[in-house]
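K.L.:
As a plain string of letters, each chain reads:
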Amino acid sequence: MNRRTFVFSATLGALNLGLGRLSFGQGRSRLESLEIDVHAPDLPLSPLGMPGLFPGKVVEVFHEESIVDRRVSRAAIHTMLEDGMKALTGESISRNAWARFVVPADVVAIKVNPSGVPGTVSSIPLVREVIQALNSVGVPNKNIIVYDRNSNQLEVNGYHALVPPGVRVVGLDQRWSVEGETRGGYDPNVFCEMDCFGERETRSYLASVVATDATKIINLPCLKEHNASGVTGCLKNLAYGSFNNVARTHVDPKTYTDPVIAVMCTAAPLRSKAVLHIMDGIRAVYHSGPFAWNPDFVWEAKTLLIGTDPVAVDRIELEIVERKRREVGVPSLWDHNPEYLGTSADMQRSARKSPYYREPGHIRTAAELGLGKWELNQIDHRKLRVV
Amino acid sequence: MAQNAMNWVTLLAANDRRGKTSGARRTGPDELIWKLALPESVRSSPVLSDGVVYVTCRDGHLYALDSRTGKERWKFRAGAAIDSTPSISGHLVLFGSDDGSLYAVDRTAGRLYWRAEAGGAIWTSPVIHDDSVYFGSTDGAFRAADRSTGKIRWSRQMEGRICSTAYASGQLVYFGCSDGRIYALEGSSGKDAWIHQAGDAVIASPAVADGVLLAGSEDYFFYALDAATGRVRWKFETDLGIYSSAAVTGGRVFFGGKNGYLYAIALADGKEIWKSKPLRTLTAPPVAGDSIVCIQTFYGATQAYDTSTGEELWRANLGGSLQSTPIVTDDAVYIATYPGVLYALR
Chain A
1 MNRRTFVFSA TLGALNLGLG RLSFGQGRSR LESLEIDVHA PDLPLSPLGM
51 PGLFPGKVVE VFHEESIVDR RVSRAAIHTM LEDGMKALTG ESISRNAWAR
101 FVVPADVVAI KVNPSGVPGT VSSIPLVREV IQALNSVGVP NKNIIVYDRN
151 SNQLEVNGYH ALVPPGVRVV GLDQRWSVEG ETRGGYDPNV FCEMDCFGER
201 ETRSYLASVV ATDATKIINL PCLKEHNASG VTGCLKNLAY GSFNNVARTH
251 VDPKTYTDPV IAVMCTAAPL RSKAVLHIMD GIRAVYHSGP FAWNPDFVWE
301 AKTLLIGTDP VAVDRIELEI VERKRREVGV PSLWDHNPEY LGTSADMQRS
351 ARKSPYYREP GHIRTAAELG LGKWELNQID HRKLRVV
Chain B
388 MAQNAMNWVT LLAANDRRGK TSGARRTGPD ELIWKLALPE SVRSSPVLSD
438 GVVYVTCRDG HLYALDSRTG KERWKFRAGA AIDSTPSISG HLVLFGSDDG
488 SLYAVDRTAG RLYWRAEAGG AIWTSPVIHD DSVYFGSTDG AFRAADRSTG
538 KIRWSRQMEG RICSTAYASG QLVYFGCSDG RIYALEGSSG KDAWIHQAGD
588 AVIASPAVAD GVLLAGSEDY FFYALDAATG RVRWKFETDL GIYSSAAVTG
638 GRVFFGGKNG YLYAIALADG KEIWKSKPLR TLTAPPVAGD SIVCIQTFYG
688 ATQAYDTSTG EELWRANLGG SLQSTPIVTD DAVYIATYPG VLYALR
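Sequence lines, in order, name chains A and B. Note that my numbering numbers the first sequence so that position 296 is 296, with each residue one more than the last. Heads up, my numbering is the position in the second sequence plus 387, with the first residue counted as 1.
This is chain B alone, in the form it adopts within the complex (with noise of 0.2 angstroms):
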């Protein structure tokens, strides 16, 4: 295996949060190259920087694992367990745990840099931007913390959880809210940019691509908002609530539906190109690549699909996830479940 083939430093791959990978497996991985089963369950993604391979785990553990033999190289103990997928930010590897700390850990030891506190559980992935650290909590309150040193630049307290994992571009951050909104953050201030209300919370994190902010929400409706006004340039309906946030490729938003349906629709005008065969309860967000797409169920697999005609490619049956998404690169996959088994696969 090709040793730094590609980075994948944060949820959905990379900080533009499109769950975009360069990987084109239009072919399954059929070859084990090391597994590793964790005390507890991974509700988080895993993360791979410079061959190393990133997993928080419930155990309350930030594990640091050799990509190729998945050997530990070191481990973080938090204060209790961790849902957050990690951040790496240069030798930096940023996560929250349900103590309510967010962390961040020199990635090369293992060992504490600094420790921002919030009110609640964060359940977040922390997003680095330029030199703040942006992340939402379940206390309600959405924080700024300096980069280099922890130290709190701002908080706004909103009326909902934080669930959703923030997307900062230019000069604004965005994000949703259990309080039903999406909203749109001046990144230096805090103060409001532009709040749109949707029917119920939105616990997907948004992508950003074209200009649009694309989040699915718990109303069943999957908005297409613009990034600089937060006007609507389409919304598309479901028939039950959205939890997955979206991969974005040539033209095409996928997400998940609590209804079991991948669904595949045109990022211009919201249409519908192809849904999957219901795969019951889908939480987990996709990620895509130029020909296909991925998308881990709760009940069981993760399923790879064509991304023009939704064509079932391959699939592999490990273990279910809730909010998990597989690295998937031309080298190899790496998948996570929820019962806490990491695999690495070629």
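Pulled out of the complex, with its shape left as it was, chain A reads as follows (with noise of 0.2 angstroms):
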């Protein structure tokens, strides 16, 4: 096991990482200082781990016909999906797009974000998609696992019940039988620890499936809006679904989700086998995420944003929500006046009232952790319209 220490400080505008120092820019929390500590295997970075295959490359796929009469289609999200990752490779045939990624002899773990009303989430027609996708290229449903922290919200939103036979549904809250052996949720040998608020555990744990069973993961992630990130895109589901004893990091209104989300993402387990990101904007959330009860906060976005870079994605899936809450006439997410601050009864009547301070700077401090590209300008953001 190796420890690394990162040290978020206020005072001095700066993250120490090691040795080092990575200056901020504007808009950096106001927050206290955070010391980090990161226990996780001392491993050499894949070619494929974050920011993967094509640093700095997002493609944004919309279908107008993929929500049809209030249902997401699946015949539009195969269409959206193979067309995204050929745009992506650069491959001319699916199937040769996928196999960028995966090896059919590989365990593959699918991130899906299940925190959300019904029709927020990451949508079953995308996860049958991919599942058959790793199919094509020779990946057995025995070795695909779609995991999420919490056990009611897979089941809930059905994911245990709709995925075919033979794919596994972990919740990393519950055991779980693999062959006849139980296994537990976590692995006690890899964890950050910090004290955010002088909470009572420190540490959190990273879930086994991460850590030992899965050696690749497909994050499945939302475009949504998040009360005290900003956004829950590609890094906060996979350091928020992936670790646990997460929630002490924000205590309304003060949040430490960034940098914490940042950091979590560079334990080398997660770091390494995360190879691609398919972000769900099917329907998209732009106030009171993750769950998002007030449908008036939920538009019909009609679009897949495609990499292997989760910096570009979440830029992107933020400069997407921050347009569309222009559009409807509400305050930026880097907005910290008070008088927007309420409670969460407030946040679900108002799409002007937030419990937290919002910290979208999780993004660019992961790229400062280089997992990835955060300014627009270094960013190829291809957009394409399939009909």
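In short, the hints are calculated from the structure, not lab data. Errors might be hidden in some of the hints.
Below are the DSS-like pairs computed for lysine-lysine, each with C-alpha atoms no more than 30 angstroms apart in a straight line [to be verified]:
1. A/Lys142 / B/Lys622
2. B/Lys462 / B/Lys422
3. B/Lys538 / B/Lys462
4. A/Lys142 / B/Lys538
5. B/Lys622 / B/Lys662
6. A/Lys86 / A/Lys254
A few chain B positions that, by computed beta-carbon distances, are all more than 12 angstroms from chain A [what the hints assert, rightly or not]:
7. Val396
8. Gly507
9. Lys538
10. Pro726
Quantities reported herein were computed from a predicted structural model and do not represent experimental measurements. Note that beta-carbon positions come from the ideal geometry of N, C-alpha and C, so glycine has one too.
With the hints as a guide, bring both chains together as one complex.
P.N.:
Below you can see the structure in the form of structure tokens.
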């Protein structure tokens, strides 16, 4: 095991990484300093690991017919995914595009986002299409795991019942069985340790699915605002859906999601194994995420964002959510005006209220840690319109 | 509390799977008789027979509890977590496990009677009809086993997971599948009687009333099919998928939607009679008596409504449920929650 210490300092406006120091730009959090110890295997960085094979490249695929009569169309998702994967990789055949990321012997973990009302989670048609694509390159269902931290959220959204036979659906908070062997949810040897608000348990452990079982991770986040981290995209879905004990990083109105999300994503197993990110923006959320109890804050974006660089994908997501918020005349996610603070109930009624000062800067912090491209002029943003 | 006031021997009370209770509690329970915190969550429904409550838990145990005191009579350990609601048949209690086994346990002593193997976790509740036990599995196979020995008589491989508990009647056995089909098979051979293709998965367990099979689908529709032919009598559209199985009483059909509404529709023509205020996400089946219908919500409460008007009668804020249904008798209400607490209330 290797231990690395990250020190986030408000007074210096800098993040110290070991002996190095990385300066931050504007919009930085005004929180107290935070020290994060990352205990993780000392593994060489895989070329497939974040930012992956295509740093800075994001393919945005739009299909008008991806929602038909209020239902997500699997046929449309199939076409969007095929065209998007070919555009990302430059391959002319979809199967070859997928073969850039996985081989038949891989054990592939699919990280879904089930935290939301039905319709604002990683959609079942997308999950089914990804499984079918993995099958096309020879990965059998028994080597595919759909996972998240919360069993109840997986179950209430039906993943356990709706994926094909053989695929394992694993809620990390419960025990699960593989070939007669019972497994626990988290690896006691891989963790991030920090004291955010004086909490009793200062460690967050990494899922054993990530640390041990999986050889690759396909990340399926959703295009959603998040009331603490600004957006819940690739980085947050991976970090806060793979490490436990993460809700402690935000106590209203303050949040340490920046830098914790970014730092967690640098942990070797997670960083090396997450090879592809496919963001579900068929239905998107511009306020009261991640759960979006109020349907007024959900819109039909009919979009997938595909890339290997989670920072670049999240940056484009952030631009999309900010654009939507401007359209409807509500404050920017970066706006820390105290008059926009409110309770959770306020947040569900008004798109001007949030319990937290949102901190979307975790995306830029991830860029500073080498996980991808933040600057828009460094992002190769391709737009496809499927008809 | 009167002993053995009624038996509630399988998912949704009885093998007709209509979720119909004889209980008619117009007022909510206001007295705790006992409660028991189990080691892990409970995803299944408790059942009741001859003064014993049987409940399965994700800690891998089937518990037999005295219905009056909650005291454990015995517990039986399976090979993995249990999500299947037990069914009682004669001296046996049967259930499936995530270890891919269907267990038949002697219910007086809690000893293994027989064990049948499937190729994947069994989340459905076994249904016993004549001398056969029918059960689907997440491996996509639907099986019929001998009730006395557990020997598999026939097996049919489908193209999706089977999380829908079957309904058996006369010569036919019905169930839904995540391949989007509702199957009616001959109970004796497993051969197709008819198949209805829905637009998406059918997770809900079918009920049959007045010759009509009733089940909701992930395709947003609730279907009423002729139980003999599979012909669509009517269908009712909601605005999200339906996992909740139906309860039927007094010519009314009740089910919950993932959109959070409890619906009451007419058995005869599928017209909406009333729907509840939104309860966020509903996946558990309701149970219904002559005058009340009860449902456990995912986000915390057990709620009861007047079957005729939809007026809310009472609620018990004890913890949510994904699939569990309360046992509602004239004497007591038994509620198992997802966090793993079992309540007996008066």
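K.L.:
Verify the proposed pairing of A/Lys142 with B/Lys622, using a straight-line Cα cut of 30 angstroms.
P.N.:
36 angstroms, violated
K.L.:
Against chain A, does B/Val396 hold up as non-interface, every C-beta pair farther apart than 12 angstroms?
P.N.:
25 angstroms, holds
K.L.:
Assess, step by step, whether the Cα of B/Lys462 is no farther than 30 angstroms from the Cα of B/Lys422, and give holds or violated.
P.N.:
Holds: B/Lys462 and B/Lys422 sit about 17 angstroms apart, inside 30 angstroms.
K.L.:
When you look at the beta carbon of B/Pro726, is every beta carbon of chain A farther off than 12 angstroms?
P.N.:
Given that some Cβ of chain A is not farther than 12 angstroms from that of B/Pro726, nearest at about 9 angstroms, it is violated.
K.L.:
Hint check: B/Lys622 vs B/Lys662, CA-CA at most 30 angstroms. Holds or violated?
P.N.:
16 angstroms, holds
K.L.:
Confirm or reject the statement that B/Lys538 sits farther than 12 angstroms, beta carbon to beta carbon, from all of chain A.
P.N.:
22 angstroms, holds
K.L.:
Between A/Lys142 and B/Lys538, is the straight-line Cα distance small enough, at 30 angstroms or below?
P.N.:
Given that 30 angstroms is the threshold and the Cα spacing comes to 26 angstroms, the pair holds.
K.L.:
Is it true that the CA of B/Lys538 sits at most 30 angstroms from the CA of B/Lys462?
P.N.:
24 angstroms, holds
K.L.:
May I ask you to check that B/Gly507 keeps its beta-carbon over 12 angstroms from the closest beta-carbon of chain A?
P.N.:
6 angstroms, violated
K.L.:
Checking one constraint from the list: CA of A/Lys86 to CA of A/Lys254, max 30 angstroms. Satisfied?
P.N.:
Violated, at about 41 angstroms.
Violated hints, listed in ascending order, are 1, 6, 8, 10; each of the other numbered hints is respected by the structure.
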